[in-house]
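Between the sequences and the hints, there should be enough to build the whole structure, so can you do that?
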Amino acid sequence: MSSNVSTSNGLQRLTAQLAPLLIVCAVVFALPVLLNNDFLLNKVARYLVLGILTISLGLSWGFGGILNLGQAMSFGLGSYAMAMALKLKTIPVHTGASGLPDFMVWNNVQQLPWFWVPFRSLPFAIAAGMIVPALVAAALGWFMFRGRVTGVYVSIITLATMVVINLVIIDQQSYTGGFNGITDLAQLEIFGVAFDAYGRATYYLVAGCVLLSLLVAFAFTRSRAGLIVQAIRDHESRVRYFGYDVALYQIFVFALSAAIAGLAGMLYTVVMEFASPTFLGVQLSLSVVVWCAVGGRQSLVGAFLGAVLVAGMQGALSESAAFLETWTLVMGALFVLVVLFLPKGLAGLAQVIWRWIVQRRHASGSVAQGVGQTEGST
Amino acid sequence: MTAHLDLHDVSVSFNGFKAINGLNMSVGKGELRCLIGPNGAGKTTALDIICGKVKPSGGTVTFAGTALQDLEEYEIARAGVGRKFQVPSVFRELAVSENLEVARARRTSVIGNLRWDIRNAGREHVERLAELVGLTEQLDRPAAYLSHGQTQWLEIGMLVAQDAELILMDEPTAGMTAQETRKTAELFARLKGKHTLIVVEHDMGFVKAIGDVISVMHMGQMLAEGTAAEVEAHPEVRRAYLGSGGISHA
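Taken in sequence, the protein lines are chains D and U. Under the working numbering, read the first sequence as residues 1 to 378, first letter to last. Under the working numbering, read the second sequence as residues 1 to 250, first letter to last.
For the record, the hints were derived by calculation from the structure and aren't laboratory data. Hints should not be assumed to be uniformly reliable.
EDC-like, lysine to aspartate or glutamate: derived pairs with alpha carbons at most 16 angstroms apart [unchecked claim]: (1) Lys29/U - Asp6/U; (2) Lys53/U - Glu236/D; (3) Lys192/U - Asp212/U; (4) Lys89/D - Asp102/D; (5) Lys53/U - Asp70/U; (6) Lys344/D - Glu93/U.
This is the structure in structure tokens:
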């Protein structure tokens with residue numbers, strides 16, 4: 001095969017892999033045109049944010065083989081970073097002349113704590129919302145992966161770490177707002193654009209971040225490093241004996257995943273207009289695992305759609321009178337069914353159907369060259 | 001000939017059991033050395049020590065002037081040591097071509113590997129490798145779909161892709177048909193000279209076909225070294241294999 005042919009083959013593969021991603025993003029961007037309801041748009045934006053969170057888990061779980069049960073920790077840290085910055089923007093409107101956020105005044109705090117000070121700068125807060133989760137993940141990953149901790153132990157350690165941080169946040173009420181979280185926030189404002197939670201601007205901000213996260217994650221999985229990370233998932237020690245420092249690759253994908261989760265957390269604060277300890281709670285963290293499994297953990301688009309669909313269903317079921325009591329049962333049953341019958345989730349199902357269609361087209365004589373050969377694993 | 005790899009007085013024990021006890025072995029550059037011995041002789045453990053999977057409790061392992069015994073596995077691999085495992089170890093969910101790509105570890109740093117191969121520059125090399133190990137047809141299929149023999153071939157191909165100076169093969173022909181074994185012997189003959197090889201094998205026909213010098217291990221020690229005829233005639237070797245029908249049936 002000449003290199004010219006293989007180049008065009010590579011491009012064809014790339015297009016075939018990118019196509020589902022771009023189609024989904026196009027639908028996301030087009031939705032406000034069809035959906036003329038600000039309340040509903042806010043709700044959809046919320047599901048999209050959870051979709052970004054699930055993409056981040058798909059990256060570490062589906063591609064890296066690292067089942068992080070504490071994915072919501074990174075999400076929560078990002079959420080608090082944004083909330084701290086937006087809270088400081090309310091001074092002095094909501095507070096007295098002392099220049100402190102209202103809950104600190106109620107808790108008799110005299111001076112702004114040192115770690116709050118830099119959050120007066122919005123660019124710092126936005127950077128911190130991704131870098132802090134990434135650094136925490138890298139530090140945790142350093143201990144776990146250097147020590148060759150694998151499998152279920154990684155899940156237990158990540159879950160436990162999240163619970164500890166959650167408890168610290170609840171406990172330190174005077175600095176974190178405790179159980180109530182951080183509420184009564186100012187609106188996010190970037191370059192003169194105000195992001196009202198119920199406005200179109202916020203929706204498009206979220207949609208843009210969906211596209212960005214999908215593209216970044218896709219670019220990583222398509223890179224050589226992404227390939228090596230997948231090889232580590234399949235056979236860790238084999239990779240080691242080719243001369244790769246396996247722990248560094250695991251730390252990298254773990255931190256990248258945390259940074260994307262942090263971005264989702266920041267957006268969640270903008271969409272929900274508060275930050276709460278429940279954002280790094282066990283329930284959300286485990287839900288993400290369910291969404292990811294239902295959508296298909298080895299497909300970025302699948303994980304994203306899994307979150308949007310299932311979280312959307314959760315929302316609809318929990319609000320309908322008929323399923324008010326039983327919706328968790330319905331969700332549990334769905335999870336069990338998917339794990340039993342669709343180990344690759346909805347994305348795997350889509351792949352099977354797609355291949356079947358292509359085969360039928362081939363059989364009936366029409367040419368669908370190239371497309372049928374791709375694995376379609378975006 | 002100066003030794004390319006030198007094991008000096010190497011010992012290792014598992015919970016008090018001395019799996020390797022004062023092992024000495026030196027292999028010259030470009031040599032193909034066969035390592036044989038009865039079950040439990042410590043052949044696989046000897047390979048484990050060289051590639052860093054097991055840390056020796058005593059002795060030194062020197063490869064091309066570098067002391068290996070205190071290095072991490074990936075550092076030993078970077079020093080030029082490749083290893084094929086007894087149980088075929090490939091990346092089952094990746095395509096055959098991707099398996100070979102990962103094995104071609106020219107760059108090993110994370111940041112250095114954050115690159116796309118849009119032009120598919122490695123493709124030609126991968127295709128040549130696939131041809132070498134007879135997997136051209138399977139190039140784009142996941143490795144999980146390969147037969148046992150093909151999986152063995154894939155791992156051998158991955159070691160060729162890695163292009164290590166020293167290649168350690170643990171029972172490369174296990175589960176292969178007679179024809180596949182013959183092809184493997186041809187491939188090894190081609191690798192010899194350019195690479196230094198240590199092959200652990202049970203199949204004496206294969207060993208005689210490929211090996212110049214045969215090392216016989218027994219009870220964690222080196223028992224004898226020499227050509228096939230020499231070791232077969234060696235009285236201690238005959239005693240070690242006593243009851244198992246002689247060396248040719250081991």
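- Query: Can you give the numbers of the hints that this structure goes against, from lowest to highest?
  - Reply: Violated: none.
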